[in-house]
Amino acid sequence: MALIECRHLTHVYLKGTPLEAVALQDVTLSIEAGEFVGLIGPTGSGKSTLIQHFNALLRPTGGEVRIAGINPADKRADVKTLRQQVGLVFQYPEHQLFEETVYDDVAYGPRNLGLTEDQVRERVAESLALVGIDPGRFGRRSPFSLSGGEMRRVAIAGVLAMRPRVLVLDEPAAGLDPKGKEEILGQIRTLHQAQGLTVLLVTHSMDEAAQLVKRLVVLARGQIVMDGPVREIFRRAQDLAALGLGVPAITALMLRLRGAGMAVTPDVLTVDEARAAIREVLRWN
Amino acid sequence: MELTRYVTIGQYLPRESPVHRLDPRTKIAAVTVLTVAVFVVRDFSGYALLTLFLLAVVVASQIPLGYLLRGLRPILFLLLITVVLNVFFSGIQSGTVLFQLGPLVATREAVMRAAFVGYRLVALILVTSLLTFTTSPVQLTDGIERILRPFRRLGVPAHELAMMMTIALRFIPTLLEETEKIMKAQMARGAEFERGNVLRRARALVPVLVPLFVSAFRRADELALAMEARCYRGGEHRTRMKELHLAPRDGVALLVTLAVSVLFAIPYSTWQVLLR
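Residue numbers (the working numbering), protein chains in the order written: chain U, 1 to 285; chain R, 1 to 276.
Just so you know, the hints here were simulated from the structure itself, not pulled from any lab data. Quick caveat, the model's predicted, so the values are computed rather than measured. We treat Cβ as the ideally placed atom computed from N, Cα and C, and that holds for glycine. Possibly wrong hints are sitting among the right ones.
Said to hold, decoys possible - Calculated lysine-lysine pairs in the PhoX-like style (CA-CA distance at most 25 Å, straight line): (1) U:Lys181 <-> U:Lys214; (2) U:Lys15 <-> R:Lys184; (3) R:Lys184 <-> U:Lys75.
What the hints assert, rightly or not - Some residues of chain U that are not near chain R, with every Cβ distance over 10 Å (derived): (4) Lys80; (5) Gly87; (6) Gly109; (7) Gly136; (8) Ile184; (9) Lys214; (10) Gly246.
What the hints assert, rightly or not - Example chain U residues on the side facing chain R (calculated, C-beta under 8 Å, incomplete): (11) Pro18; (12) Ala21; (13) Val22; (14) Gln25; (15) Asn55; (16) Leu88; (17) Thr101; (18) Tyr108; (19) Gly158; (20) Val159; (21) Met162; (22) Arg165.
The task is simple: from the sequences and hints, build the whole structure.
Listed below in structure tokens is the structure:
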């Protein structure tokens, strides 16, 4: 059984009022353990609504969700275990920091799990290290004295300290400078590769998706319109454009070269691949 | 977890109805008149007329009655206590005894009085929510500013008050959204807000309140900066894009409201004499 399963999932906000709005419509999706999936779609396509179902923060108004076999709609479902298994990092997670020290903030989740102070200390050190923050140097500082990128990493560490099996991140790089962006995304990749964490990355950026994920799910107007390996999705540049989405800059460049009469393959996601493709056409090998 | 589902106060429902088209000043004046009327009315005939009039306005406003009544939910408890207290402790000693609970006696008169008091509360909520449902916050504060303008000579900062109200109203949904988001983020880290005793629940709110205050101050700062960057200097010499204009329909609406309010206040006995 897949780790995350949605069957005909529908969600309607403010149902039964004049302000009701359909956010998700008949979404069927399954994510296996160990996958690195990207979720992409224009603003208002239902991405945030969808990921909140994975943590039982929203309950389906139609259809069914199962997370690690647990159905949150079940009255006896163990929501606490479910929330521990799925770590949800919201957009701008640094806005949720509240404690006096970085250490205490990261310890908030483990303490809620009722762990002993020794176990808490171990988890705080481990998760701060995972996001590249030195617990000795930063542990006693106020989270509000950190830089934006550091605050965000501390907030992500707060989620990692729950030791989730799945990490769901909503636009983790939004609003950071290029260096901060690269650091965060690099650490997420490491988490997936070294820790074997299942990762679901919600993003607007096609370049991020191309660099990181293996499988891409495209959401539009509350429905899944594409789902497949990242290369296959980016081959459908025109369909994506119709949805108001683009392709990665490097893929776009290849398409322009083709438009100008150079027979390169458009099936390119990285600069290295692009170089190889151009060399091949020019017969420089 | 949908906070906005339960908080309907101050919500505006855009519709193309005659009530929506009225000038905000007319609506504020009509609400004031009706509020007075609600307190003046003393008997069933008056309340029946008032109910009919309110229903007519609700139908004209195209706001679903059920949605309007939902606004009563937060005060349901208050309503219940008011009615119970009025039944047993109204101070009415004489009258027909209806039932008795130990030392507590409920007379017919007291029950009637309690029903009236309860209905007054309901009517007040309905009248005021009709105003907010049919008037956008911006229109509402514009109206208040215009009404207060004559008092500026007495030192009432009409424009500043209206601006403060606009900003406060504007941020209710934003802060609700923010609260919801922070609560969810902390719930994802294992927080529980509905478990344990009062003390534990209060303590559980700290991780929500601290980030909420931080972000409220940040938003206030950003807004002040943005206003200053656009050279906002308060009320002097400001012109507005949409001036309020009273139309004939505003006069008609206000006159009708005044007339029916006088009718409500006529006691039943007078009706009997008048209609003979």
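Hint compliance check: list the failing hint numbers for this structure, sorted ascending. The structure conflicts with hints 4, 5, 6, 12, 13, 14, 17 and 22, although it agrees with all the remaining ones.
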